[in-house]
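Undergrad: Residue-level listing of the chains:
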Amino acid sequence: MNALARHRRLTAIWSSEPGWKGWLSTVNHSDVGRMFIVTAAFYFLVGGLLAMLIRAQLATPHSAFAGPEIYSQIFTMHGTIMMFLFAIPMIEGLAIYLLPKMLGARDLAYPRLTAYGYWCYFFGGAMLLISLVFGIAPDGGWFMYPPLTGRIHSPGINTDFWLIGITFVEISAICAAVEFTVSILKYRAPGMTLGKMPVFAWYMLVVSLMILTGFPPLILGSILLELERAFGMPFFQVELGGDSLLWQHLFWLFGHPEVYIIFLPAAGMVSTILPVMASTTLLGYRWVVAAAVALAILSFGLWVHHMFTTGIPHMGLAFFSAASTLVAVPTAIQVFAWIGTMWKGTPRLRLPMLHILGFFVTFVIGGLTGVMVAVVPFDWQVHDTAFATAHLHYVLFGGFVFPVLAGIYYWLPLVTGNRRFFRLGEVAFALIFTGFHVTFLAMHWVGLMGQRRRISTYAPEDGWTVINLISSIGGFVLAFGLAVVLIEVVLNLVVRHPAPRNPWNSGTLEWAIPRPSAAYNFASLPRVSSREPLWDEPGLPARLARGEGYLGEAASGRRETLMVDSATGEPEQLVIYPANTRLPIALAAVTGLFFVSLLVKVYLITPIAIAAVAALGWRWAWQLGSKQDLGDRLIGHGVAVPTIAEVSRPPGWWGSMFLLVANATLFGSLLFGYAFLWTIAPGWPPPAFIAPSLPTLLAAAGGAVLAVAGLAIAGRSNQNGGTPVPGLWMAVAGALGLVAVFSMMLWAAPPATGHAYNATILVLGAYGLVHAALTSLMLIFLLARHRAGYMSQRRRGELAIVTVWSVYLFGVTGLVVPAVYLPGLVT
Amino acid sequence: MKDLLRIVVSPVVWLASFSAVYALHGLVCQLDPGAPGLPGVSGSRITLIVAFVLAVLVQTGLLVLLSSSRFGADPGFTRSVSLMSGWVGLVATVWTLFPTLVTSPCGW
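First to last, the protein sequences are chains A and B. Going by our numbering, the first residue of the first sequence is number 9, and it counts up by one from there. Going by our numbering, the first residue of the second sequence is number 246, and it counts up by one from there.
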């Protein structure tokens with residue numbers, strides 16, 4: 009087969025459906041990545057428009073441009089959109105598009121999950137946008153502090169849109185994080201060890217793990233606040249044993265890492281682009297990776313520095329002040345590595361480089377003001393002033409938007425196949441850089457003069473008029489510059505001006521594929537021996553196109569790629585992907601129905617939506633696997649590996665492990681909340697503890713043991729060529745027993761509106777019940793799969809996946825039951 | 246996966262010990278801030294200092310393990326990065342929990 013015939017055959021296998029239907033059914037990472045990027049760019053425009061409204065309002069004193077109610081919606085939605093609907097989805101989109109190409113794979117680990125994540129984002133974002141259009145948008149600030157956002161002070165639906173819409177959107181981030189983690193660890197080109205991974209992949213691996221552990225506290229907080237608003241469960245009401253500070257802890261457990269979740273991918277882009285612009289390799293690759301890991305984990309120890317003014321003892325303040333200063337060290341290591349890279353190489357002042365230089369200046373200033381606000385007495389002075397707003401814009405715009413603009417210009421030839429023709433980008437950069445600094449340097453200044461955040465107006469005698477006017481003029485210049493970027497990108501799409509295959513002479517694999525990128529990425533998969541394979545072997549693209557890599561035959565007619573050992577990069581499994589399907593959009597739609605039913609409080613629809621999610625989830629999993637043993641398959645170069653249906657750790661096992669990391673973080677946050685209320689909130693201990701009963705404790709212990717032991721027996725029997733059915737039924741009995749235990753726990757719980765303790769017991773019981781029911785469903789699914797012929801001695805992966813969930817249920821039971829019953833037992 | 250664990254273990258243990266000492270601080274201040282200890286040093290401060298020292302010892306132990314040929318990674322990329330992150334864990338523990346020695350435990 010020649011290169012052209014191979015291209016045609018692979019294109020037929022991997023392409024999405026033609027026309028508009030293709031948008032609804034595509035699961036290809038390039039398509040979904042582009043959809044994410046375009047949608048996120050749309051929200052950037054909306055958020056930018058809102059920013060302009062803010063600046064118009066503040067340009068003059070006593071402005072009547074918008075009343076305080078509408079102004080509150082505008083600044084809340086500006087922050088919400090920029091954080092949740094622009095920055096994170098833009099990262100997701102760029103990584104979805106780029107990662108498989110950089111890693112030498114044909115797609116991400118779970119293509120249908122990629123599409124599901126997109127549609128959750130699409131529908132969730134639409135919910136928030138609709139609220140904005142109808143004037144009922146969230147108005148409690150982007151961090152939604154109760155008691156302001158409680159039912160008493162915010163009785164409308166505005167806050168509910170935020171709590172429910174953002175939780176819906178966050179499903180998308182969790183999906184993407186699981187996807188990236190597994191893809192980076194397991195879906196790489198053969199030979200690509202951890203030390204040979206592109207540095208962007210390292211950054212995205214770190215960020216994905218951060219999303220898995222950073223987002224769940226906010227999801228939990230949103231659930232608790234919505235439960236308080238909808239059903240009166242007083243988690244944040246002091247008079248009933250709650251504490252509004254619990255929200256701040258949960259929010260900032262998410263919120264501070266969120267800043268680094270946004271910054272680190274951008275830093276990954278800088279670490280990728282800068283060496284290419286300087287025609288050299290990244291100085292201190294190992295130091296940069298270690299710094300990224302350190303920065304990510306240290307960032308989880310800073311959350312209280314957003315709460316310095318809430319009345320925390322001196323030692324607590326000192327802990328978080330120290331941690332906040334420490335985080336500057338790994339950041340500085342990266343900055344010095346970038347400076348050293350420029351020193352080592354011969355920098356070319358091309359357009360991406362201009363934006364990187366803009367990033368340096370802006371981000372370093374933002375970092376330095378960050379060290380200033382880490383110092384407690386200074387923070388007390390500037391807390392909730394425009395200085396803090398200016399600081400966060402220096403960090404986020406400087407640390408994210410400039411690198412993203414550099415990335416857009418750098419990778420645009422890969423996406424469109426064209427190079428720039430009109431050269432508007434340099435003008436745009438000048439406008440953006442100047443406009444940004446005029447806007448936000450002025451904002452620092454006016455903040456130091458005492459202007460608070462979120463105020464809708466001010467008096468002329470405050471002395472802020474001229475500075476605000478300068479800031480507003482700068483804001484409009486900035487907006488004009490961004491509009492020029494948009495025009496240039498559109499022109500690049502429509503004006504044919506072909507770019508060469510590797511226009512920047514980069515060494516990474518994304519430039520080894522046809523441009524614009526083909527649906528299958530690589531006609532055959534490369535074997536790599538360094539971090540810059542294209543510099544080692546300039547003829548690699550042609551060799552891959554000729555099918556001289558792995559999987560060059562496309563013999564099966566199905567979408568295939570390879571899974572490798574995470575450390576050595578040696579091929580382990582042959583992945584066969586599902587094809588185009590509308591299942592992701594359908595599942596996202598019924599997931600949306602669930603959230604809408606909660607929003608409009610039509611709870612009759614909620615169980616219908618849950619049943620629909622379960623039914624589609626069943627169908628989703630049913631489409632995988634095989635009814636026959638395929639044996640080891642040749643993948644080229646004389647290597648044979650088993651298919652993913654015939655291994656003990658298939659992709660679903662890896663995905664489950666990382667999803668459970670997020671799940672365990674949510675559960676851990678719930679236990680933290682329980683302990684926090686118990687020790688800190690007034691009104692504890694509660695009037696009465698739930699009474700334990702011996703039969704319940706025995707049933708819980710028996711159910712948990714049966715659920716795990718049954719699966720162990722089933723696994724061993726299957727491994728020995730016997731039937732797993734008796735063991736599976738045993739596990740089903742155990743899981744259903746736990747359903748009964750947790751149902752009784754909920755039944756016996758005191759009224760949840762009476763005290764935060766009662767409400768917490770209810771949530772703990774519900775958490776256990778959901779997991780017991782889910783594991784039961786999975787076990788029944790396994791029985792059905794066995795009956796249908798999908799399991800054999802060799803095809804054992806599904807058993808391993810359910811075992812993971814069953815062990816998790818065991819752990820949950822072991823923590824929920826004592827948490828609920830132990831206080832009643834010892835008092 | 247073992248290599249990845251080697252790279253993240255020390256900073257993750259720092260995070261756990263940092264959070265645990267912060268929680269312990271909340272607990273001792275809530276329960277009995279004036280608990281008797283040694284002359285001139287309250288019981289709450291002694292508790293926190295012991296936790297600090299334990300955290301430092303754990304980090305030191307981890308660094309020794311990561312440097313050893315038995316538990317450490319093979320020479321190369323993972324070994325370098327895991328040792329760097331091992332030092333990050335140790336330095337972070339000393340720096341961020343140092344306030345147990347010098348600031349008032351439960352003062353406002």
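No lab work stands behind these hints: they were computed from the structure. The structure displayed is predicted, hence computed values, not measured ones. Just to be clear, a hint being listed does not mean it is correct.
Sample of chain B residues lacking proximity to chain A, with all beta carbon distances greater than 10 Å (derived) [unchecked claim]:
1. Leu-260
2. Met-329
3. Thr-341
Taking CB as the label site, the calculated pair distances span [what the hints assert, rightly or not]:
4. B/Leu-299 - A/Gly-832: 26 to 36 Å
5. A/Asp-392 - B/Ser-349: 37 to 47 Å
6. B/Phe-343 - A/Trp-626: 52 to 62 Å
7. A/Pro-385 - B/Leu-299: 24 to 34 Å
Note that the Cβ used here is the ideal one computed from N, Cα and C, for glycine as well.
Undergrad: Determine for every hint whether it applies to the structure shown.
TA: Here is how each hint holds up against the structure:
1. Once the 10 Å rule is applied to beta carbons, B/Leu-260 is inconsistent with being away from chain A; the minimum gap is 5 Å.
2. The Cβ of B/Met-329 does not lie farther than 10 Å from every Cβ of chain A; its closest approach is about 4 Å, which violates its non-interface assignment.
3. Distance check for B/Thr-341 against chain A: the nearest CB is about 5 Å away, which does not clear 10 Å, and the non-interface claim fails.
4. Taken as a hint, the range 26 to 36 Å holds for the pair B/Leu-299 and A/Gly-832, whose Cβ atoms sit roughly 32 Å apart.
5. Evaluation of the 37 to 47 Å hint for A/Asp-392 and B/Ser-349 yields a failure: the beta carbon distance comes to about 26 Å.
6. At about 54 Å, the CB distance of B/Phe-343 to A/Trp-626 agrees with the hint of 52 to 62 Å.
7. At roughly 31 Å, the beta carbons of A/Pro-385 and B/Leu-299 sit within the given window of 24 to 34 Å.
Comparing the model with each earlier hint shows violations of hints 1, 2, 3 and 5; every other hint is respected.
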